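Number of protein chains: 2
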Amino acid sequence: MEFFFKPKGIALIGASSNQYKGGNSILKNLIKGYKGKIYPVNPAYPEIEGLKCYRSVTDVPDPVDLAIVFVPAKLVPGVIRECVQRKIPGVMIESGGFAEAGARGQSIQSELKQICDETGIRLWGPNCMGLVDFISKRVFSFVSPTLWDYEFIKGNVSLIVQSGMLSAGFIIDTMSHGVMGISKVCSIGNKVDVDECELLEYLLEDPETAVVGLYLESFADGRRFLDICRRSRKPIVVLKSGKSAKGAAAAMSHTASLAGNSAVISGALAQAGVVEAVDFKQMLDLCRSLAMYPEIPRQITGGVAILTYSGGAGIVSSDFIDKTTLSLAELSQSTKDALGKIYPEWMPVANPIDLWPAVEKGGSEMAYGEAIKAVCDDPNVDTILLHYYAGGFALNFDISNLIEITKKSNKPMFCWLLGEAEKAKQFQMKTHELGVPVFRELYRSVECMAAVFEREKAEKSKIVNDRAGSAISEKFKAELKGNTGALDEHISKKILSEYLIPVVDEKIADSVEDALNAARSFGFPVVMKGILPGEIHKTESGLVRLGISSEEQIKKIFGELNMKMAGKGKILVQRQLEGGLELIAGMVRDPQFGPCVMLGLGGIFTEILKDTVFAVAPVSHEEALSMIGRLKSQKLLNGFRGYPPVDREIISQILVRLGDLGCGNPKIKEIDVNPLIAGKNSIVAVDASVVLE
Amino acid sequence: MEFFFKPKGIALIGASSNQYKGGNSILKNLIKGYKGKIYPVNPAYPEIEGLKCYRSVTDVPDPVDLAIVFVPAKLVPGVIRECVQRKIPGVMIESGGFAEAGARGQSIQSELKQICDETGIRLWGPNCMGLVDFISKRVFSFVSPTLWDYEFIKGNVSLIVQSGMLSAGFIIDTMSHGVMGISKVCSIGNKVDVDECELLEYLLEDPETAVVGLYLESFADGRRFLDICRRSRKPIVVLKSGKSAKGAAAAMSHTASLAGNSAVISGALAQAGVVEAVDFKQMLDLCRSLAMYPEIPRQITGGVAILTYSGGAGIVSSDFIDKTTLSLAELSQSTKDALGKIYPEWMPVANPIDLWPAVEKGGSEMAYGEAIKAVCDDPNVDTILLHYYAGGFALNFDISNLIEITKKSNKPMFCWLLGEAEKAKQFQMKTHELGVPVFRELYRSVECMAAVFEREKAEKSKIVNDRAGSAISEKFKAELKGNTGALDEHISKKILSEYLIPVVDEKIADSVEDALNAARSFGFPVVMKGILPGEIHKTESGLVRLGISSEEQIKKIFGELNMKMAGKGKILVQRQLEGGLELIAGMVRDPQFGPCVMLGLGGIFTEILKDTVFAVAPVSHEEALSMIGRLKSQKLLNGFRGYPPVDREIISQILVRLGDLGCGNPKIKEIDVNPLIAGKNSIVAVDASVVLE
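Residue numbers (the numbering used here), protein chains in the order written: chain A, 1 to 693; chain B, 1 to 693.
Note that these hints are calculated values from the structure, not bench results. Treat the hints with care, since some could be wrong.
As the list claims (entries may be wrong) - Derived list of chain A stretches under chain B, where covered just means 3 residues or more per stretch with a C-beta under 8 Å from a C-beta of chain B:
1. 170-183
2. 263-269
3. 280-291
Quick caveat, the model's predicted, so the values are computed rather than measured. Don't be surprised by glycine CBs; every beta carbon is placed ideally from N, CA and C.
Make the full structure from the sequences, and use the hints.
Here it is, written out as structure tokens:
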């Protein structure tokens, strides 16, 4: 990858002297910042921008290890072959007209892929904006050269983006507003060869990168991506677009229809300790917060102290904190005493700490200074939300002293800023340099604060999981081999049972006498079901009878079900479970992530609440436990209004085994355990369906 | 109120020549903008800032009808009495040290209230920042005179704020960033006399105000406030802080414990057609959107068209739209044809409409121009989300032509803007002047777009409700009079039944024979309950027996329950309902809004999901119906997995009557109907509790 990021010499194929063309912008950007040799290539010109221009890349002298290509798509394969001939190891193709542009472009792109495979040349793009490196000033992109009009704010956040806008206009917006500094932006385009996984691996090793933010429209290889994220100690933030796409309408299992795009992606990212963003600027805000606070080097025990000059902003801040996993710190007595000394006599001490009366009494430097000291010494305080106004009034203290105190105590501080435009921008940039993130929207400051602490928790519980899937036993291999589609309930549960997933007591009754014996052994009431090959809507078809409480009923229903199935089905007698909490669990193959397991709150609420969580299989026991913890209604599992507490260990084991089943048996497409009933003394699969490819 | 907003002459009591004092800032602000007579009052100076200074307000000549007071709290009552003597009708007290500052300040504030009541003088404040009117340049506030360094952007949004920050630093932030224009900001402080209701009434009549935004920490009179909002045609936006406060821990009914602050306030505001904000800048963004689009003067049938220069931003926009009540428009054939003409051949037409390839082909003016024409002609498109980049590249068309087309078609357009800082600011200000709101965060643009359409719907279904409460019949008056606390289940349901709220069949059984007769008439199974005076946890105390299916059981349980209650209670026999959807309904008295009704999803999910909705009583039938529609899980009522559809008309009638009961009987503190079971053929209260003051 080094020849992409630190090339020794660059050939620009498609260089142009027309300032409205990308081939001119790229050249200007190279000239402005790149320190190595630059060789424009274009047979139409003897020289461009004062540099000698070459007829063909094959004529370009040494040193050259990167070609940037900006010529029409149909010419690109020829050009790449010339690069191969010239022994250039890496090419960035920035022109468009490939897979994004219909069938013809798609076929050109396939040709590029083939060249890669055959020759080993590495291709970045096509249809991308290449690389912008603000630290070394390597701008390998047709981003407008007006970029150079703005001071580059150096930062340690790098971006990998599947959108040109994010590496061009968006970055100028960010820089010119003084929002934050950036290290590198990699625009990856159609990813014919180099993809986000390789770039992420490179940036995770890059000493100039502390946090990587990614905007992705697709995953090149979901499982590999997750694996890289799991092993990373650097924070990673992902904004994945296109999440509103609905799950496959034709899904045969409930699990598959619940998966959609969004739930699986969110589950996978959470599992790998990735912070998920939803909007562009919010992604950058999360990145810069995590770059300043990639970890919290102390025991977290307490909450947030809010230091404000506005009572109103203090209250709104606590309303926001209340919506996160953070809480307001209960100030210790010594903090209260310290604040008491700077407050006017009548003023009660509380958190949010409203410093205005103290500012009026003794000036802002004294008030904020004493308050910061107190909360930094307070064992109940883990983090500080400071409100500041830039541009006069009584607030005119130097924040660097305060920052020094917070840094010494290892307590992350976040700053919400209002102010006159120019002064606020200056304050934000200076404060950033000192390592404290500044936000203009109050909610955003709380959101980023919460994200830093959430990530700390996630990081600590992150597991690099090397579990292997296990294949199904010989006994059922034939069953899997010969069939497609949904296996019947009874066989499905036998397979689950083989994997030690507890299932309800049940028996196929070949005769009325069989049914009676089964019922006698289970005890009344029992359930009877008609199992008809290919029938997946038993309830709707009247093939499920609940609450059978006498031998007469059994005889009668045995006849009825047989009649209904016209002798083609089997009759199943089941123990009927009373009460218990209804859950749903399952396994589904996601096109991006492969086998995933699912857990949800069952019954009528599954579809209304959509309270389901996913994780990519194999899942470890610990991962399964934290999956359960991600259910919005997980409190229900603690026992509630007569429901017994649910044993999370057992649920977790079921999820682990569902994952193993998925990993070890490619023939199994989906598994639905619905319902999974958690009763007083047992957790069992009451109905289930194994769906084969 | 005119003397506060348009005074003929102003006495400034506490004027100062010390530039660090508020009394100097107020004077400078008056001099800079106010056109009438200004009379500084301070016995220490002969003149200040070139104006003659008076020893006392009693010496001030005519014309004078407003006094602004900035002297220490303890001097204020004396000063106000002098104002009364001088026959000044209105006083703005901007100094602090009153109720916010402990017991002594509280007693001074009470004295002010008393002077108001005795003399009829009107007091604004104390502890406030008065009024800033950007249109007439009347700045009656100690906001820093640096305010005048920024061009006042005139706007038609007015604010009423219970926070000094919002009328000072926040406004300078807003103006200096070119975010939007403001008409008036009223800082109301401690509201000893003039409160948000009066100011809101004034601003709703003010021709320079199109939208009112309020930041409130408390409601002076919740019911009056709602009444004003209900009758208003101008949009109103409210940010209410302090919503994380928990409901009264000692609440005797479930309804009361669910009320808290937040749910009741949100319900009340929704009922009155008020748009609820959560953050400061978001409040302004909502205000400016509604100021541009206070109503939508055409039939709404379709959805959103997204015009973008970035495929990625288009996808993220649709992800956001998917989370609102809006939807992506299905483009009509003629739009597709029109876009087909400007697109390169290979490009498929879809919404989001990615215009970049068309811009490359024919320039941005042509591409955006043709696209706007097409979507404005498209009957499936109601509103347009336009993405723009200010500051070069290929995007350089004049937006005013586009805006003209959208205005002609009455289709609201919203603009998401990126750009180089200064150019973006200019673009935003210019575009605002043309009546299109511009946003810097993508989500915020979608959020505001959705709010405009949501309000349009709410406005159309808003009802000014003049229902009177009705007192309870003579029959139960004695019951109410003699008691306090929770009435027992049986009497509670008798009262509800009197109000035509359907209750389950039940009978008090004085003897075993009575119990048997009741069971025979209801049919088995039945429920038996022990009714013990003062016992509100029947289930936990073992006094509820379900599923009694034989006469023997009745005999046995009759004895057991009597034994358990030691002969002190009564025994209730009830018809047992099978199946049905469990709801909870109730009435509670809110300290700010008075009697409110509640509806929620019952059973174990009430506490986990907190899916409850509130409205202020009396509620009309239509309001009750829209209340039901606000339940997050309201889809459940449409019939679901074997549950029958619930008759919303009946639920609505129950809510109307609970409201009437609350309004007509002050003695009733709370009512709990829990559960309210909606079965196949009936909706009945199965358990209930009427709690008396």
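- Item | Cβ contact check, 8 Å cutoff: the stretch 170-183 of chain A against chain B, three residues minimum | holds (count 6)
- Task: Take the stretch 263-269 of chain A, compare each residue's beta carbon with every beta carbon of chain B, and decide whether three or more fall closer than 8 Å.
- Result: violated (count 0)
- Check, residue by residue, whether the stretch 280-291 of chain A contains three or more positions whose beta-carbon lies closer than 8 Å to a beta-carbon of chain B, and give the verdict. holds (count 3)
Going down the numbered hints, you'll see the structure goes against just number 2.
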